[in-house]
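For reference, the chains in residue letters:
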Amino acid sequence: MNQKEFEMNRRTMLKAAGISLALPWMESLMGAQDKLPPKRFCSIYFPYGVSLPNQNSEFGHWNWFPKGEGRDFTFNKSLEPLEPYRNQVTVMGGLSHPKVRRIGGHDSGDTFLTGEEMSLRATGLKNSISLDQYMAQTHRLGASTRFSSLTLSSDGGVGMPTRANTLSFSNNGQPIPSFNRPAVVFERLFGLKGDSIEAQRKGLTRTGSHLDLLLDEAKSLHRKLGKNDQDKLDQYLTSVREIEQDVERSARWLDMPKPKVNAEGLTLDADNETPGKLIYAMLDLIALSFQTDSTRFVTYQLASMHGAISIANKFPSLLGFAKDAHGLAHGAGKGRGAENRGKWDLYQTECLAYLIKRLSEMNEGNGSVLDNTCIFYGSSNSKTHNNTNYPLILAGGKNMGYQHGQYLRFGNDVPLANLFVTIQKGMGVKSNSFADSTGNLDAFVAQHG
Amino acid sequence: MFRWGIQSKPPAFMRGFLFSLMILTAWLSAAPDFAKVVRPVLERRCFSCHGPKEQKGKLRLDTLSTDLVQDARAAEMWQEVRTVINLGEMPPKEEGALKEAERRVLLDWLNPTIAQAAKQAQSKGGRVVVRRLNQREYQNTMRDLLGVDLEYTRDFPPDGISADGMRNNGSALQMNAIQLEYYLAAARKALDKMIITEPAPPVFKHRFEKSTDNKFPQGISGGNELGRKKEFIVRIRKDYPEQGRFRIRMGVQVELPEAKGPVPQLHVRVGYRPDTLVDMATLAQRDLTKAGKHELEFTGRIENFPLPVRGQGKYPGLVVMVANEYDRFGQLKSGSAKGGKQKGNQEGEGYPKLRVDWLEFEGPVFEQWPPAEHRRILFESDKRESDEAGYAREVMASFLPRAWRRPVTDAEVDRFAGFYRKLRPNFPTFEDALREVLVMALVSPDFLYLMEPANDKVRPLNAHELAARLSYFLWSSMPDATLRQLADSGELLQPKVLAAQVDRMVGHPKSQQFVEAFVAQWLDVDAMDRVEIDAAVYKTFGNAAQQERLRAAIRQEPVEFFSEILRRDLSARNFVQSEFVMLNDVLANHYQFPDVQGGAFRRVPVPAQSENPQLRRGGLLTQAAFLMGASTGIDSHPIKRAVYVRERLLDDPPAPPPPNVPDLETADPKIALLPIREQLKHHSKDPACADCHRGIDGWGLAMEEYDAVGLWRDKITRRLPSRKTTTLELDALAQMPDGREVEGMAALKAYLLEARGDQFARALVVKLLTYGLGRSLEFSDEPHVDALTKQFKKDNLRMRALVRTIVASEVFRTK
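If you're matching them up, the sequences are chains A and B in order. In terms of the numbering used here, the first sequence opens at residue 1 and continues consecutively. In terms of the numbering used here, the second sequence opens at residue 1 and continues consecutively.
Here chain A stands alone, though its shape is the one from the complex (with noise of 0.2 Å):
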């Protein structure tokens, strides 16, 4: 197993810790009422369910869900690294959203942060907002940092409808598209300009008012146009809109210096050949991003449900498993087939449970940025094609009100909205409900204040 260390450079990290490393936060252009640590949420998501053997058969220990309940309960094999970490995790079963349980099996990537029926019927293939953008861009909480969320991938940009590349979908229910590659990730968040910030401001004032002077041009354009096309222009506009905000945001930020952090170590040149490197590469960018607040709210999809386009379904057997995804979501059921699939979700929860060493080792106020961040975790199938009964895992964000350190069961009379509400409250949202939930479940995991 790749145990790579947290590699940014210890004499940089130390010389920048006091200035703009560990209190970013308080130095935010937010102002003095931002004196609380900041609360970050990031959800990691993997295609094709888990390995659901009988708990009592041969391979049983391979079954992802723990034995026992509540906190009566014992990791499984699959999970077994997150038992350091015991107080610090729920584990939930039996939650999916309802509305796409109607949908394809292989269909349901696309939702598991919107909780739409993204069927033709049902809107046209057409997504709703998924809760990281609902939390950073309705609710605003994403404003206060200098980018106001990362979407990560393995493949990169938007795929197709029902196979997207993205976990994140914005206030239309548009596809945000997703970087998948580290070294661009990295220059994107900590990567420095040579020219002053003088020069910058102008260079950003400028964009600005260029960017007004074309939304007139296009305007212009727009009533030339039919109804399909004005709908393409429109997507247009929006662009320019948003990186006039963007240009706004960025002028704020100008005279906060991006956060010094070194290269050294992290894997940045890892790519789909070495998915190993590639993995832990991302889940170092989203702990340094949260680290340095950067942004507080990220998605990362480790695959999409799409074997025939994601390039991602042939890391399991890069990395020497017995199949690619999909081949081994097949009969992840019964047998061997359940073993060979259960050491790949063996593998996923190492991932997470790196990111969780890695956040618990980065200290914040009276604990570790872990306890501000709230990692969602899991897929939208429980066995291949089954958009019911999701593995879930909730981890991290003690200061959030979460009890940990359980295993609950639900009836699928409970939206897993339900539990995005609770999710939602945590982090600051005032607002009780999610797409189609009916409640929460603050009795369950959390006790908010």
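Because the hints were derived from the structure by calculation, they are not lab data. Fair warning: there could be bad hints in the mix.
[Claimed, not checked] BS3-like mimics (lysine-lysine), calculated; alpha carbons at most 30 Å apart, straight line:
hint : chain 1 : residue 1 : chain 2 : residue 2
1    : B       : K790      : B       : K457
2    : B       : K724      : A       : K260
3    : B       : K724      : A       : K277
4    : B       : K193      : B       : K422
5    : A       : K77       : B       : K724
6    : A       : K260      : B       : K314
7    : B       : K189      : A       : K258
8    : B       : K314      : B       : K210
9    : B       : K210      : A       : K343
Start from chain A and add chain B according to the hints.
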């Protein structure tokens, strides 16, 4: 088909609606008649609980509308009905399951009816949606427009793909802030390099007659005589440019031991970043087929190579490495594809040899200062000194029509002249301000999108729009000067002129862009990259560098093959069966074809009668790119192969498996040992699976003669759940959907041509037209496809003729 995009409201083109509906009805005539055949089954089996007396689950079927296009709610209900039938949930056990014939009738009506209603719901009225340039198009356009060959799109997020697999589909190509941000950055980067205010930079020249003897990673060392792990390496410590074009000249000596024997392959690489371990980038690769002394020259753009960061640890300077690829890989002999250790060529006895006598580096190179690309935009003019604003207007008046691929109005030029006046005070120099105005032109929708402004009424394209559509179809780039002139004069609208342009464009090297893009999208060549080959079984995939080289050749084969058919205007039947293959040395070695030397692809005849079954090749289906892409990495994947044939070659993709059906069970040790045919039978015991698999399995089973890396086999190797491998007898006997038996690849190809020839021709028309239009096809396109197919057959399926017919067609020439 299905797309991203803002839908919701009903399409506004009601005119075409009745027409579409007629076609829809005609199309559906294949489905059983509802009143006569389907309703009686429902009446017998369903109405008692879901009819006039009872409406269990609030579902009443006897009054449910059967017009799924008009009634979305009914469509949803029928979809539910299909699901419960597929799952065998209805009728309930106590009522007795549906008889096979009953199920058949219901599904034969439900499947096409639902699919077509869904397609109708996605309609864009059969019209092209304005689409933005995709990565390939943007890259080529920027290069052709600005004359600076930078890698503009290296960091762009990947483009969206349409459900029919295309990357140039207007509905799938989204715009968002991140995308636009990259466009903005790319335009600024380009214009920073082009619009120059600095004096001419110093030009560095270096001549080397001896290689450095430093050690480099992977055990490579330097020397003038190239050999295995021996390369000619130079390091320029300080004096090299970081911007602009550079030129490398070199003198080499070639020694060829035998006529028609192996040839050396020169490989020049530049740049090296020890900090990020980014590998060097290739400047040039060339077969040297003549013995004796040669002088060679290569140029490149230095920004496209991985440059080291000055002053960092282990700073190597600019590194240039010259290798003989033959020494790196070439000692592979035919027959070694399945493994066997290759012996190194330390001494090179009997092998083709290369010696580098000298190498010169020069950069930046430019004929004049500022360079030509700068002068093309900032041309000489009387106003340049006297009237800045007036000159800025002149510059934009000349730049905008080229950038926007159409004539511009005075008002549009005025607007940009206005931008300039507004911006000028913010910038120290005239050039700085103008640069930003040019950037604006390059992030405006007129540049980023193929704009064909039209209201809801269908209209013919004007000459400039046609030039652009044509140019993005066949070159993936903007129109060149010739096309522009023909558009300016309107001559392009004449059929003869248009046809002549198609011929010119197909013959132009830029058409390689079309071939690469279309082949990749039509055939999903990327599939091979999503499969990891089991190196324990396929030894040639054991060594990373060797695998990379072999994969590159495999990936290139379909591109070269398509190119050959298009350029020589051959029949499309060759895609199914050809008497030639396109090979280079690496691929010939893999396929065990003798006597193919050098890295360049060329046409190689397939021996008519050969003892060696490996040589029975030809067409797309025996190409490794496809066979590998539709494999498990160790064994064939007959289902993937079958789906591939139906989807890509016949445009008849099987329906996706209904939700919650069991997968092919391969984990059960007993089942894992069964031959694939038996496994599939086992799977098809479930009637929900059997329905579809009847139409699928045969296509894949007939191809069982080929393994996961595209080689002929007489035994099947499979890995069991226990991870051990086992061997099974080859069995390629297949029953086709029409009941005919076909055994083996040769028979399958013959069957395809004979029984499905028309379907194949039509499918190719559909794929090429889809690509050419940049949109998915709809019902209203059926008559166009029919007409094009008819003409295609008349033209003996010649490819170039098809391109010409498509371009001349009404559907291509209207917005």
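So, going through the hints one by one against the coordinates:
With a C-alpha separation of about 28 Å, the suggested pairing of K790 (chain B) with K457 (chain B) holds against the 30 Å cut-off. The straight-line distance between the Cα atoms of K724 (chain B) and K260 (chain A) is roughly 50 Å, outside the 30 Å bound, and the hint therefore fails. As the CA atoms of K724 (chain B) and K277 (chain A) are separated by approximately 28 Å, the hinted pair is consistent with the 30 Å bound. Distance hint between K193 (chain B) and K422 (chain B) is fulfilled; the C-alpha atoms sit about 23 Å from each other, no more than 30 Å.
Straight-line distance between C-alpha atoms of K77 (chain A) and K724 (chain B) comes to about 23 Å, which keeps the hinted pair within the 30 Å bound. Among the hinted pairs, K260 (chain A) with K314 (chain B) is consistent with the structure: their alpha-carbon atoms are about 22 Å apart, no more than 30 Å. Taking the CA atoms of K189 (chain B) and K258 (chain A), the gap is near 22 Å; set against the 30 Å cutoff, the hint holds. For the proposed pair K314 (chain B) and K210 (chain B), the alpha carbon gap of about 22 Å is at most 30 Å, so the pair holds.
A C-alpha spacing of about 54 Å is found between K210 (chain B) and K343 (chain A), which places the hinted pair above 30 Å, so the restraint is violated.
Checked against the numbered hints given earlier, the structure breaks hints 2, 9 and satisfies all the rest.
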